[in-house]
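Taken in sequence, the protein lines are chains A and B. For the first sequence, our numbering assigns the number 1 to the initial residue and increments by one for each residue that follows. For the second sequence, our numbering assigns the number 1001 to the initial residue and increments by one for each residue that follows.
The hints are simulated quantities; they were obtained by calculation from the structure and are not laboratory data. Heads up, some of the hints might be wrong.
[Stated by the list, open to error] Keeping only pairs whose Cα atoms sit at most 30 angstroms apart, straight-line, the calculated DSSO-like set for lysine-lysine is: (1) B:Lys1132 / B:Lys1061; (2) B:Lys1045 / B:Lys1035; (3) B:Lys1004 / B:Lys1061; (4) B:Lys1045 / B:Lys1141; (5) A:Lys263 / A:Lys137; (6) A:Lys16 / A:Lys263; (7) A:Lys306 / A:Lys193; (8) A:Lys263 / A:Lys306; (9) B:Lys1143 / B:Lys1026; (10) B:Lys1061 / B:Lys1045; (11) B:Lys1035 / A:Lys400; (12) A:Lys22 / B:Lys1045; (13) B:Lys1043 / B:Lys1061; (14) A:Lys306 / A:Lys400; (15) A:Lys108 / A:Lys263; (16) A:Lys22 / A:Lys306; (17) B:Lys1143 / A:Lys402; (18) A:Lys7 / A:Lys209; (19) B:Lys1035 / B:Lys1143; (20) A:Lys400 / B:Lys1061; (21) A:Lys400 / B:Lys1057; (22) B:Lys1061 / B:Lys1035; (23) A:Lys402 / B:Lys1035; (24) B:Lys1141 / B:Lys1026; (25) B:Lys1141 / A:Lys402; (26) B:Lys1026 / A:Lys16; (27) B:Lys1026 / A:Lys402.
[Claimed, not checked] Listing some non-contacts, in silico: residues in chain A with all C-beta distances to chain B over 10 angstroms: (28) His20; (29) Glu300; (30) Phe345; (31) Lys353.
Think of the CB as a built atom: it goes at the ideal place given N, C-alpha and C, for glycine as much as any other residue.
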Amino acid sequence: MALDIVKIRNDFPILKQTVHNKPFVYFDNAATTQKPVQVIDRMDKVYRETNSNIHRGVHYLSDLTTRHFEEARETIRKFINARYDHEIIFTSGTTGGINLVAFSFGEKYISRGDEIIISAIEHHANIVPWQMLCERKGASLKVIPLNSDGELLLEEYDRLFSSNTRLVAITHVANSIGTINPVREMIQTAHQKNVPVLIDGTQAVQHGKVDVQDLDADFYVFSGHKMYGPTGTGVIYGKESILEELPPYQTGGEMVDQVTFEKTTFNRLPFKFEAGTPNYTGVIGLAAAVRYIEETGLDEIVAREKELLEYGSRRLSEIDGLHLFGQAENKISILSFILDDIHPFDAGMIIDKYGIAVRTGNHCAQPFMELLGIRGTIRASMVFYNTREEIDRLCEAIEKVKEMFN
Amino acid sequence: MAEKTMQEVQEEIVEEFTVFDDWLDKYNYLIELSKSLPVIEEKYKTPEHLIEGCQSKVWLKADMEDGRIVFTADSDAIITKGIIALLVRVMSGRSPEEIINTDLDFINTIGLNENLSPARSNGLVSMIKQMKLYALAFQAKSKQK
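Just chain B, same shape as in the assembly:
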C-alpha cells in the first residue's frame, strides 16, 4: 500500500469526525487521542521546547530522521494534547517540503477551530507555526549540505 500523503491523512481524520454528531463525543474522542500522542521525553521539557500559551503549556521537539521530521510533544491540558496528537499524526514523518506546502485545513473542517482562536490562547496557533518553522529550518539546513 502506498504511503498516505498529509492531505490524505487530513481527509481520513475529517471522515473519522463525521460520526460525531455532538460536541461531547468529539471531546471524548480528543481525550482518547491525547493518550496516543508520541510524548516528548521528560528531559526535553525545557524552556527551549516550550511554546507558552496563556492558558495551557505545549512542549514540542522536532528531529530529522532519514529526511523526515519526527515530532514529539506534550501539553498540560488534555484537550490541547488531543489536538496536538492529531497535528502530529498529520505532520510527523513527513519531508520538510510536504509540511511546508500542505495547508492544514482539517481543524476547521472538523469544527475544532474554536480551539485555535486567539482568545483561547492555548498555544496551538503558535504550535502549528513552530512545526512549519522547524520544516523550513530543516529544509534550509539540508540545502546547505
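Chain A extracted, bound-state conformation:
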C-alpha cells in the first residue's frame, strides 16, 4: 500500500516552515533526519512524567523508567533481529560505538604486525578510530579499492587477507554517494578466513530491513539521529560470544559489579559497556522512532525512496553540465553531483537561498573524494517524507545556479 504522504508530512512539524521566504525543503537527511511528533512527544513525556535515573532506585519512577529503557532494548533487538537483548549496547552514536569497539577489541586482539581491512568509501568515523588503534598497537590498515561507480572491488578485497588480518570494518551503505555494499557476501568471505567483521550501518538501518543474524555480522553499529530518533543515541550490536570476551571501554557507575580499592569486577552484558548514566530519555525516544518506522512500514519506505531516487536521478541527469556520482546498481536515495566549473560551495549558497537544505563538501569522506579527483560534491539525500515537487524545486535552483555562475 502506498504511503499517505499528507499524513507523513504532518508527522514532521519542522517541514512546515519557510526558510528565506520559501517553503523549506530538507535534503540533508544523510547528515541527520527530522523527527516525527511520535518521537518528540515520547521524550517530552519522559521529562514531564517519568524522569528518574535507571537501574538504581527502588522507587516507582526509577523502576518505570528502567522498564521503558529495557523495553527499548528489546524493540531494537527485534528491529535488527539480534538473538539476545544483551547483544544490544546503547552508545552516543556510530562514532562512539566504533571507538568503543576499536578500543575494547583492540585491547584484546590487536598487536604489532596485525592488519585491519577497511574500504576506500568509509566515513571518517570508520577510518580514524582504526588508524589510531593501529598507531597504538603497531598494526596496519589495508584498504579495499573502488571502481568509478563507487562499488568495492571484491577480488581485491579477497586478496587483502593475510594470516595477520584480525578484523574487517566496512560500511553497509556509503554516506557520500549511497552505494549499498554486498556486506553479506563480504562477511562470508571474512568468516571463511576466521576474521570477524564490523559493519557500519549508519546509512542502512533506516533504508531497508537489516537482519544481523542473517548477515552474520559480528558487530553492527548505527546512530539514532539518522533514523528519525534523537541525537546522542546509538547502538552497537555485538555477538554475545565476542562481547563476553572484550574488556570494558569506559568505566564508572552502572557497569561495575563490585568495587573495592583493590579490585573492581564488572557487571554482565550489556551493562559492562554502558558506563555512567545512559541517555535513557534518548533511548526511549529511539524506540519510538523504531516503532514509527515499523508502523509506517519499512517496505513502503523503501519503495517510496526508490521511486524518489529514480525520479531525482532522471531529472538531474537531464540538466546540462551536471554530473552524478555513484551510479552503483544498488544504492539508497542519495544524489551526489557536481556542476561543470561551479564550486559546490557557490552552488550550495544559492540553493540555500531557495530554502533547500543540501550538503556541500567532502561529506567526511576525503579519501573517496580524492579518489574521484574532485573537491567535493553537492549532496541531496532524500527520505520517504520528501516529494517529487521538492526535487523539481531543486532542479529550478540548480538552473539558477548555472545562470549565475556561467
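Starting from the known structure of chain A, fit chain B onto it as the hints suggest.
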C-alpha cells in the same frame, strides 16, 4: 581629494549595498566583484599562502610597499572571492596601524555575515584573522628597524 580611511571605504560599501533589496542582486554583485580582485600570482598559490576552509580554499599574500600593506588573494569559490575582493578593497594599501585599529563591521551591516559563520567554514574568518596578523607582523618588523 584626501585619501579615504578604511572606515570611509567601509561606509562606501555599505552605501553601495543599500540599493540591493534582495539576496539575488547582492550575490550577483559579489560575482561581479570577484572579477575585480587583485589576484595572487599563480606561483604563490603554495601551502604557505593557503588558508584552508572546510569548503573553499583561500590563498592570501601580503607585501609591504612604502609603509603600506598590499594584499593579493584568490579563492576557488566565486562568492568567497567576491567577499575577499571587498576585504582587499578595504584593507589593501593601508598602514599596519590602521588595519590593526579598525573594526571590520561592514560585512555584518551589508548582511553577508552568514558567509562568516563558522558553520559555513569557507575560510573567510581565518582570512580576516590572517590579514590582521600580517599587519601585526609588519608592524613588529618595522619597529625592530
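Status of the hints after comparison with the structure:
Among the hinted pairs, Lys1132 (chain B) with Lys1061 (chain B) is consistent with the structure: their alpha-carbon atoms are about 12 angstroms apart, no more than 30 angstroms. Among the hinted pairs, Lys1045 (chain B) with Lys1035 (chain B) is consistent with the structure: their alpha-carbon atoms are about 18 angstroms apart, no more than 30 angstroms. For the hint linking Lys1004 (chain B) to Lys1061 (chain B), the alpha-carbon distance of about 23 angstroms falls within 30 angstroms, and the restraint holds. Of the supplied pair hints, the one linking Lys1045 (chain B) and Lys1141 (chain B) holds, its CA atoms being roughly 24 angstroms apart against a limit of 30 angstroms.
Distance restraint check for Lys263 (chain A) and Lys137 (chain A): the Cα-Cα separation of roughly 26 angstroms lies within the 30 angstroms cut-off, and the hinted pair is therefore satisfied. With a CA separation close to 56 angstroms, the supplied pair Lys16 (chain A) and Lys263 (chain A) exceeds the 30 angstroms bound. Proposed proximity of Lys306 (chain A) and Lys193 (chain A) is contradicted: the alpha carbons are some 35 angstroms apart, above 30 angstroms. Distance hint between Lys263 (chain A) and Lys306 (chain A) is unfulfilled; the C-alpha atoms sit about 55 angstroms from each other, more than 30 angstroms.
Annotation: proposed proximity of Lys1143 (chain B) to Lys1026 (chain B) is violated, straight-line Cα distance about 41 angstroms (limit 30 angstroms). Straight-line distance between C-alpha atoms of Lys1061 (chain B) and Lys1045 (chain B) comes to about 9 angstroms, which keeps the hinted pair within the 30 angstroms bound. For the given pair, Lys1035 (chain B) sits about 20 angstroms from Lys400 (chain A) by alpha-carbon distance, which is consistent with the 30 angstroms threshold. Between the alpha carbons of Lys22 (chain A) and Lys1045 (chain B) the distance comes to roughly 39 angstroms, so the proposed pair goes past 30 angstroms and is violated.
Distance check on the hinted pair: Lys1043 (chain B) and Lys1061 (chain B) sit about 11 angstroms apart at the alpha-carbon level, within 30 angstroms; holds. Simply put, Lys306 (chain A) and Lys400 (chain A) have alpha-carbon atoms about 27 angstroms apart, close enough for the 30 angstroms limit, and the pair holds. Note on Lys108 (chain A) and Lys263 (chain A): the hinted pairing holds, with a Cα-Cα distance of about 20 angstroms set against a maximum of 30 angstroms. For a cut-off of 30 angstroms, the pair hint linking Lys22 (chain A) to Lys306 (chain A) stands: about 26 angstroms separates their Cα positions.
Note on Lys1143 (chain B) and Lys402 (chain A): the hinted pairing is violated, with a Cα-Cα distance of about 50 angstroms set against a maximum of 30 angstroms. At roughly 23 angstroms between alpha-carbon atoms, Lys7 (chain A) and Lys209 (chain A) fall within 30 angstroms of each other, so this suggested pair holds. A threshold of 30 angstroms between alpha carbons decides the hint, and for Lys1035 (chain B) with Lys1143 (chain B) the separation of about 36 angstroms lies outside it, so the pair is violated. For the hint linking Lys400 (chain A) to Lys1061 (chain B), the alpha-carbon distance of about 33 angstroms lies beyond 30 angstroms, and the restraint is violated.
A threshold of 30 angstroms between alpha carbons decides the hint, and for Lys400 (chain A) with Lys1057 (chain B) the separation of about 23 angstroms falls inside it, so the pair holds. For a cut-off of 30 angstroms, the pair hint linking Lys1061 (chain B) to Lys1035 (chain B) stands: about 18 angstroms separates their Cα positions. The straight-line distance between the Cα atoms of Lys402 (chain A) and Lys1035 (chain B) is roughly 17 angstroms, inside the 30 angstroms bound, and the hint therefore holds. For the given pair, Lys1141 (chain B) sits about 39 angstroms from Lys1026 (chain B) by alpha-carbon distance, which is inconsistent with the 30 angstroms threshold.
Restraint check for Lys1141 (chain B) and Lys402 (chain A): the C-alpha separation of about 46 angstroms exceeds 30 angstroms, so the hint is violated. For the hint linking Lys1026 (chain B) to Lys16 (chain A), the alpha-carbon distance of about 28 angstroms falls within 30 angstroms, and the restraint holds. Taken as a hint, the Lys1026 (chain B) and Lys402 (chain A) pair is honoured in the structure, with Cα atoms around 17 angstroms apart against an allowance of 30 angstroms. Once the 10 angstroms rule is applied to beta carbons, His20 (chain A) is inconsistent with being away from chain B; the minimum gap is 7 angstroms.
Here Glu300 (chain A) stays apart from chain B, with its beta-carbon at least about 34 angstroms from theirs, past the 10 angstroms limit. At the 10 angstroms boundary, the C-beta of Phe345 (chain A) falls inside the reach of chain B, the nearest C-beta of that chain being 4 angstroms off. The claim that Lys353 (chain A) is not at the interface with chain B is violated, since a C-beta of that chain comes within 10 angstroms of its own (minimum 5 angstroms).
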